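Asker: Single-letter residue listing:
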Amino acid sequence: MRANCWHGKQDVRVEQVPDPKILNKRDAIVKITSTAICGSDLHLYNAFIPTMKAGDVLGHEFMGEIVEVGPEVHDRKVGDRVVVSFPISCGKCFFCEQELFSLCENTNPNAWMAEKMFGHSPCGIYGYSHLTGGYAGGQAEYARVPFADVGTLKVPEELDDEQVLFLSDIFPTGYMGAEMCNIKPGDTVAVWGCGPVGQFAMASAYLLGAERVIGIDRFPERLKMAREGAKADTINYEQANVYETLMEMTGGRGPDGCIDAVGLEAHGTGAHGFEYMYDRAKQALMMETDRPIALREAIMACRNGGTVSVIGVYGGFIDKFPMGSFMNRSLTMKTGQCHVQSYWKKLLGHIQAGEIDPSFVITHRMKLDDAAHGFDIFCNKEDDCIKVVLKP
Amino acid sequence: MVIGTKRQQEATGQQAEASGQSQQASPELVIKDGLTGPEAPVNGREFGSGVRQSLVKKYVNEEQLARGLGWFSIGLGLAELLAPRGVAKVAGMRGNTALIRLFGLREIASGIAIFAGGRRPAGPVWSRVVGDALDLACLGAAYATPENDKARLTFATANVLAVTALDVLCAQQLSADDDGANGERGRVPVNKSIIINAAPEEVYSYWRDFENLPRFMRYLESVTVTGEGRSHWVAKAPGGSVEWDAEMTEDVPNQRISWRSLEGSEVETSGTVRFEPAVGGRGTVLHVTLDFNPPGGAVGALFAKLWGEDPDGEMQTDLRRFKQIVELGEIVVSDGTLTGEGYTEQRPAQPLGVGYGAAAGQLQK
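So the protein sequences, as listed, match chains A and B. Anchor point for the first sequence: position 59 equals 59 in our numbering, and the numbering is continuous, going up by one each time. If you want our numbering, it's the 1-based position in the second sequence plus 1000.
What the hints contain is simulated information worked out from the structure, not anything from laboratory work. Since the model is a prediction, treat every value here as computed from it, not as a measurement. Don't take every hint at face value.
[Stated by the list, open to error] Lysine-lysine pairs mimicking DSS-like chemistry, simulated, CA-CA at most 27 Å apart:
id	chain 1	residue 1	chain 2	residue 2
1	A	Lys116	A	Lys53
2	A	Lys345	A	Lys154
3	A	Lys92	B	Lys1192
4	A	Lys345	A	Lys184
5	B	Lys1150	A	Lys116
6	A	Lys231	A	Lys334
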């Protein structure tokens, strides 16, 4: 089959690789009909996540049709049309029983690697370095899906791929980011980063009852999508001081919930310029792995007693964490890789009810064979690229 | 305010009653933590204090060190006995050769005692510590004599102090284990635990069948039960295998299993696994202590390679696989780990083109 393989920094190639086979009894093989490039794939593309190996098949947002099941798959059968969750979860361990699926104890065969870096290991993830298991990803014609009963969601025929594909990751991730803000009626929520996850965080904040949602970015097309697609107010951080603008908008109190949908490769200009150069330099010197510019600003802007919700991906260590601000103002921080399987049924309900159509984030559709071009324009924000969907 | 588990409360209450005090503790202030089962221990114990000692053990084999010190004793003793003037000169003293010869005899006696003192000669090594004290006293006294070479004296004193430190460390290690604090052999190379989402009965019964162990212990090829409490173990080695027979020394259902290799085996090994109900009814905490004394020579080298440079890490990975078997019925594999060559070697995360049977076969190894 053909699959998109990582070969090094900003080097991905669609190549011929062996077809996947059933390896564990609860596996299914899915023939992929739609797959996407995730913003977090760019961290791999830019080689910020360690333990990648040349030849690794990328991709953790995919869906398709089940074409083969292992002997212990009971709730899915050949022919089912399913979305696959990016966390690989066993369904039986302590964390899966609590629906904390991305913390599954059993699905990362390389847990020892993650333990060395993180102290403990998260779950296995498709196509996302060997630190999270070394599983072949879904930017391919077929994928092996372990624990298919837990890791797939059957989707109704009347919804097309583009409406349900993002249940695999970015819609639940954005939703969880908003949910972690513990939104109360009347709340204001600010979202750093108007990429696809940020768009879903903004839309979800409204679904959860927020009164006002504010999106922060620098790309006009993303801010436009935030205003028109997610119905958020926006701040362009290249043209305005984010902190002062937020204080102006909230009478000096600050947003009740602040969501970091940016992560470890934050940028900054103007007021952020020096900070960006500082973090970029430390990153280059290997003195800091992640650039937490958005996170610092979210903490400083958040209202007293408010919540900072982190769904942007971080990989290692950050510098100049404003702990004094965080502690003295009774802030709460909530974080996590999304526990997709505990959200996707509810979110499918929102889609079926017509309350949201997740396809609004798609700007580019192309063939799997053009994956390298997709990565390039997505990474460099060319051609107003926000979300790329690939068709094998 | 009274803080503690219900069980601890009860224990305190009983104590109070036993000593005739009235029971004032108000039960509604008990902070429940779920640790209420009949087998749950009282809280308030200290953990981890043995870590420092076992870290020393990890890097110092006191039995080998004792032998080294024995040879050192005999060598220095002979030098003092046969060439007392030379020794005195090196130490910067115009010496009393008779006294130095006497010290030489003392050194030789300590050395012989170390070799005659069995595998763990704690007493003779302590006798070296006493000798070191005498040496240091003499060196100290020698500073008072103006014609002695102070620089050489200082050099000699520094050397004696260094040897004294080794003697004390070695003697302490040997003595600690004489107390039986760490089992019969006194070495604790591997000591790991893992929490499993299943009852102790279930976890125990899987482990109790030793023939299951090779399914998750990477270095084992097979274990065959050969009789009542007896088993035959085969471990993988590059280009061959190592075999030994073992006997079960303890079997407390749902709580503890211990085993050790039979007398005269090529491999000296023992192990204990404990099954502890996890706090709060959250399954079972399994503790494994494995003790290996690899044989010498080529077989030993093979074993060292098998067992790796990080036996704790190897054991942690083995236990994680055991947990998967108990919780899921099989070991979870990914594309990148499917080499059968162990976990540190990763291949690209691409499908391997083999199916369930082949993968399962690889996993058995």
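Asker: Are the hints correct? Go through all of them and say.
Answerer: Each hint tested on the structure:
no.	hint	verdict
1	Lys116(A) x Lys53(A)	18 Å, holds
2	Lys345(A) x Lys154(A)	9 Å, holds
3	Lys92(A) x Lys1192(B)	23 Å, holds
4	Lys345(A) x Lys184(A)	23 Å, holds
5	Lys1150(B) x Lys116(A)	51 Å, violated
6	Lys231(A) x Lys334(A)	25 Å, holds
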